[in-house]
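Peer 1: Join the two chains into one complex using the hints; note that each chain is given alone, in its own frame.
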Amino acid sequence: MSHIFIALVTLALAAAPVRAAGAPAAPAPAAPAFFAAGLTAADAPNDEGRAIDLSWTKAPGDTGGAAVFRGYQILRAEQAEGPFAEVGFAIGGKTSFRDNVAEGAVHYYRVRQLSAAGAAESETVGPVRAAAQWFDASRLNVLIVTVLLAFLLIWYIERAKKGEELFIRKIQGLDAIDEAVGRSTELGKPILYSFGLGEIRDIVTVASLAILRQVATKCAQHGTELLVPNWDPLVMAAAQETVQQAYSEPGRPDLYKEGNVSFLTTDQFGYAAGVDGMMLRQKPGAVFLLGYFYAEALLMSETGHSIGAIQIAGTTAITQLPFFIASCDYTLIGEEMLAASCYLKRDPQMLGSLKGEDFVKAALIIGFAALAVTGTVGVVLSRGGHGGLASVFQAIKDWFVTA
Amino acid sequence: MKKEIPLAITFLTGVIIVVTFFIPHQPLGGMQQRLLIWYSIVLGFTLLLGVDSLLRSNLQKIMRRAPGWPYAVVVVAGFLATLAAGIHTWATTKDLLSLGSSFMYIYTYMIVPLQATMFALLAFFIASAAYRAFRARTLEATLLLVTAAIVMLGRVPVGAEIWDKLPGLQDWIMEIPQMAAKRGIFIGVALGTIAMSLRVILGLERTYLS
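Residue numbers (this note's numbering), protein chains in the order written: chain A, 1 to 403; chain B, 1 to 210.
No lab work stands behind these hints, which were simulated from the structure alone. The structure displayed is predicted, hence computed values, not measured ones. Heads up, some of the hints might be wrong.
DSS-like cross-link-like pairs, simulated, lysine-lysine; straight-line CA separation at most 25 Å [said to hold, decoys possible]:
#1 K355/A with K170/A
#2 K182/B with K361/A
#3 K361/A with K170/A
#4 K61/B with K361/A
#5 K283/A with K189/A
#6 K94/A with K189/A
#7 K345/A with K161/A
#8 K397/A with K361/A
#9 K94/A with K58/A
#10 K162/A with K397/A
#11 K161/A with K397/A
#12 K283/A with K162/A
#13 K397/A with K182/B
#14 K3/B with K345/A
#15 K3/B with K161/A
#16 K283/A with K161/A
#17 K2/B with K170/A
#18 K345/A with K162/A
#19 K182/B with K355/A
#20 K170/A with K345/A
#21 K3/B with K283/A
#22 K361/A with K345/A
#23 K355/A with K345/A
#24 K61/B with K189/A
#25 K61/B with K345/A
#26 K283/A with K257/A
#27 K257/A with K182/B
From the derived model, a few chain A residues whose C-beta atoms are all more than 10 Å from chain B [what the hints assert, rightly or not]:
#28 H107
#29 L187
#30 Q221
#31 L321
#32 K397
Glycine included, every Cβ here is placed at the ideal spot set by N, Cα and C.
Chain B extracted, bound-state conformation (with noise of 0.2 Å):
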């Protein structure tokens, strides 16, 4: 019954979910919508789980003086004083978003450039990746690397000094040829969705539930 209880609800619930796609009359009307709040639902109680993973796991790492201890200990004080600075706003202002409160002094100042110079990372990452990927070894490679070094110049004021015909030269290889690829991979990826959610309903997928 361990397995069979959920996989009848798997069942039940993709049945009624590929059925209310295609009825639109009350009661299944808007019940793709309902069981979508229902989840958001389960996700907040979910985070729970979350900040006692997070907080479970430091902690051990704090107590055995794992190898980047400090790290955890700087995890658990900023995971405290973000909680502290959250419920000081929410007592004062009664209003988390408020401006100039301590928890949007953390978010404005701490949590924004932080993730501003994460994302800034991703320049260099590109520049390693694609001298990488560019060089000319085989012929695939050669093909990525002129075509590649057409598409940035066609996409840059300097492309047209150049070569007046290189935007458009660039226009057609995003239109055609790289559209066509990537249109083959959609429809690989809708085909694959559908056949591994048919497997999941009809209880041949069962990874899932362990």
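Same shape as in the complex, but just chain A (with noise of 0.2 Å):
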């Protein structure tokens, strides 16, 4: 008996010395410092009156990982003594918070520090009320040049209607058209007009319809078939609406066939394998793919150019010109999509706006330069010390930045 009690004593001393060394207990947790939060709640800005901004400053203890500091809750209650209740969480980190509310509602805000030491609360903020402004302040910069470029458009439309002549340079891809036509007329052969996937609202397509009239006037001039297959229904419509009164105004609504200008798919590669098929069965004698593209752009375009049609793209897709102008004969590269309907109108006043538009380009590059110069030249001085001319650079660029 007195062997196994003093086993069991030895065996109990044996054991504190390793607990001691290998396992040592946690010390326990620091109660959480006392969270001075500067919290602040302000109405947001230039908004419809539907958030509030809170912003603080960072805890004592927000410096590790999510183990350490897990993060920011934000508190919001009707009355200054609460309930408070849970509306957000900010990792840590974080020092602001954009909370939506209802517009006029009155709202007091508290914001809890989570941590591994514990939670702790900073002091309630109140009372702040969203309210809706009347300018957004930050599009500032918008309405300046938007006006600037209004007033310019206005003043060369006026320019062109006292009858001043006005040169525009030539654009070969429209010019192309009646060659395209007329290839397809001796030819025998029908033309396909395509706006790729654009929607009504896209002010490209509106610029693709001037361009469709123009063309079915032309078809309808020389008695050559026309089809226009379609993405969008609601671009299905005013291209019928488009090229009927096209048909109408030389005096041949009779060779006018609805079914020509027809609904495909809205599905993209569906209407590309559609109007390939097309292509391949009717073999159009001009191409015309004049609208807004995707990767449909280049299914289409090699079809066109394996069938040995003469084609005419233009698109603001900007990912899609490169392969425009690899397949096709002529490309309407960006704003000469949007310069068509004047371009080929020749009406003064449209031409006028165009001038306008030219104006404003001119100014911009002008302006681009003197800012990279000036950019640069600061970049140089300030390594000597003089800041002053970056700040000035800045200052610019900061307020061209839309918020």
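Peer 2: Okay, here's the thing in structure tokens:
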């Protein structure tokens, strides 16, 4: 019995230093420091009165990962004394939060820090009320540039009205419309016109309708068949009206066939397959791909190339422009599409608006060049301790950045 | 009056949209969003116009025995089969997207593979278009060929094996000359869009009215 007792005592004594050296007991967690949040709550600027912006200073314990510091609970109440309910959460490192609220309601806020050491709450701030603004000051730069542009456009339109001669450079793609229609007529082949995947609310589709009008008028004059497969039913309705009207103008409404301006599908690749099928079966002499295009652009233009059609393409989709340039005879690049209606109509007022646009473009080029020089010289000077010019450049750059 | 009323509506709508961009206060705030919802509703109804056009043109082809009329039979049969599957699925599960339904079967095993097939064809079309574009017949085409070769090689591991500075050169081409050209086009498009919008709002551009 005594042996057993001695053995137990020996084991207990042996175990004690092992526990002390190998697995020390964790120290009791220190209470979280008082959260001197510096919390502020204010109505969000430049909105329709539906948000309150909160900001606070970083908590002292907000230094490690999520295991050490979980983040900040955003608490809101209708009265100063509460009850406060959680309305959001900001992870560690964040010091701001936008709370979406109803317009006009009064709110009080607190922020609770959550860390491994425990939780601590800030003082209550409020009352704060979300209010709508009558002007979005962050868009002042857009307003100024738009007003200037509109003023210049109207000024040039007025000049054009007075009969002033305005020079507009040649756009080969638009001049080639006659050639394309003529060639199809000679070959006795139809003409195919596609808007791509543009919707009627896209300005490039509206511009394309103007070109369609011109193409349809020429088709009516020459008695050439015009096929317009559509992806969007609204664009189809507008295209039907446009083509019908264009056929009526030269007195050939009998040539208009509603079935030729038809709807295919709203599926991107289904549409591409449908148009490709029409090209391969009906072998159009000319293909017009004018509108907004995505990945189907090359599928359609390469098929058009394989059948030997003369192809005129144009889009504002920058990613598709290289494909059109590689596979089409003529490509309208970006703004040339939007200038098409003015160019084709040759209406002095329309040409005036183009001239105004060119003037703004020239001003922008000069402005960009001046800013590039200012920025470069500013950086060089700031290395020598003269940061004035760099600050001016940064201020101008910041002014152009919209919120 | 046939033209004046649409022009007046266009002018008023255009001005309201421009004004709401700068005034967040109600009733103008959120107007753009509301108009977009109206647009979606109108678009939903115009799908019926699309279906009418699709069926009418294909049925006419079948009746006239126009060239390629068997394709029109496939279109009409496909439309009717999908419609029937949709109605059946809705009647039995009340959920068109329920897995294992006949409607989802058509989508998963017919539409998706067909879309993927068309998309996959793009690789071959890119190769044929690139071959034509990169033939070094002029100075511009030669420049294009050299630049494209640098960019393509610089983006794959073998490029760095050939010359360790190739990835950096590729980055420079994409970030400086390529980006400058792209931004130039962007600015032109933005200005053109503003000018075109003004022409539409002021009633100078009327082609959309026919």
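Peer 1: Decide, hint by hint, whether the structure agrees.
Peer 2: Going down the list of hints, with the structure as the test:
Proposed proximity of K355/A and K170/A is supported: the alpha carbons are some 14 Å apart, at most 25 Å. Restraint check for K182/B and K361/A: satisfied, since their Cα atoms lie roughly 15 Å apart, inside the 25 Å limit. Note on K361/A and K170/A: the hinted pairing holds, with a Cα-Cα distance of about 18 Å set against a maximum of 25 Å. Distance restraint check for K61/B and K361/A: the Cα-Cα separation of roughly 50 Å exceeds the 25 Å cut-off, and the hinted pair is therefore not satisfied.
With a C-alpha separation of about 7 Å, the suggested pair K283/A and K189/A falls inside the 25 Å cut-off, and the hint holds. For the hint linking K94/A to K189/A, the alpha-carbon distance of about 66 Å lies beyond 25 Å, and the restraint is violated. Taking the CA atoms of K345/A and K161/A, the gap is about 15 Å. The hint holds against a cut of 25 Å. Restraint check for K397/A and K361/A: the C-alpha separation of about 18 Å stays at or below 25 Å, so the hint holds.
Proximity of K94/A to K58/A is assessed by CA-CA distance (about 8 Å); at most 25 Å being required, the pair is judged to hold. Between K162/A and K397/A the alpha-carbon distance is near 39 Å, which puts this suggested pair outside the 25 Å criterion. At roughly 37 Å between alpha-carbon atoms, K161/A and K397/A are farther apart than 25 Å, so this suggested pair is violated. Restraint check: the Cα-Cα separation between K283/A and K162/A comes to about 47 Å, which exceeds 25 Å; the hinted pair is violated.
With a C-alpha separation of about 19 Å, the suggested pair K397/A and K182/B falls inside the 25 Å cut-off, and the hint holds. Pair hint K3/B plus K345/A holds up; C-alpha atoms about 19 Å apart against a cutoff of 25 Å. For the suggested pair K3/B and K161/A, the alpha carbons sit about 22 Å apart, so the restraint of at most 25 Å is met. Only pairs whose Cα atoms come within 25 Å are accepted, and K283/A paired with K161/A is rejected, the gap being roughly 44 Å.
Using a Cα cut-off of 25 Å, the hinted pair K2/B and K170/A is violated, with the two alpha carbons roughly 35 Å apart. In summary, the hint linking K345/A to K162/A is supported, as the alpha carbons are separated by about 18 Å, within the 25 Å threshold. For the given pair, K182/B sits about 23 Å from K355/A by alpha-carbon distance, which is consistent with the 25 Å threshold. The suggested pairing of K170/A with K345/A holds, with an alpha-carbon distance near 14 Å, which does not exceed 25 Å.
Restraint check for K3/B and K283/A: not satisfied, since their Cα atoms lie roughly 38 Å apart, outside the 25 Å limit. A hinted pair counts as satisfied when its Cα atoms are at most 25 Å apart, and K361/A with K345/A qualifies at roughly 22 Å. As the CA atoms of K355/A and K345/A are separated by approximately 15 Å, the hinted pair is consistent with the 25 Å bound. At most 25 Å may separate the alpha-carbon atoms for a hinted pair to count; K61/B and K189/A meet this at roughly 18 Å.
Between K61/B and K345/A the CA atoms are separated by roughly 36 Å; this puts the pair beyond 25 Å, and the hint is violated. Proximity of K283/A to K257/A is assessed by CA-CA distance (about 18 Å); at most 25 Å being required, the pair is judged to hold. Of the supplied pair hints, the one linking K257/A and K182/B is violated, its CA atoms being roughly 41 Å apart against a limit of 25 Å. Every CB of chain B lies more than 10 Å from the CB of H107/A, the least distance being 20 Å, so the non-interface label holds.
Against chain B, the non-interface label of L187/A holds: every CB pair exceeds 10 Å, the least being about 17 Å. For Q221/A, the requirement that its beta carbon stay farther than 10 Å from each beta carbon of chain B is met, with the minimum near 18 Å. In this structure L321/A is not separated from chain B by more than 10 Å, as the shortest Cβ-Cβ distance comes to only about 7 Å. Listed as outside the interface, K397/A is consistent with that label: its C-beta sits roughly 14 Å from the nearest C-beta of chain B, beyond the 10 Å cut-off.
Hints 4, 6, 10, 11, 12, 16, 17, 21, 25, 27, 31 from the earlier list are contradicted by this structure; the remaining hints agree with it.
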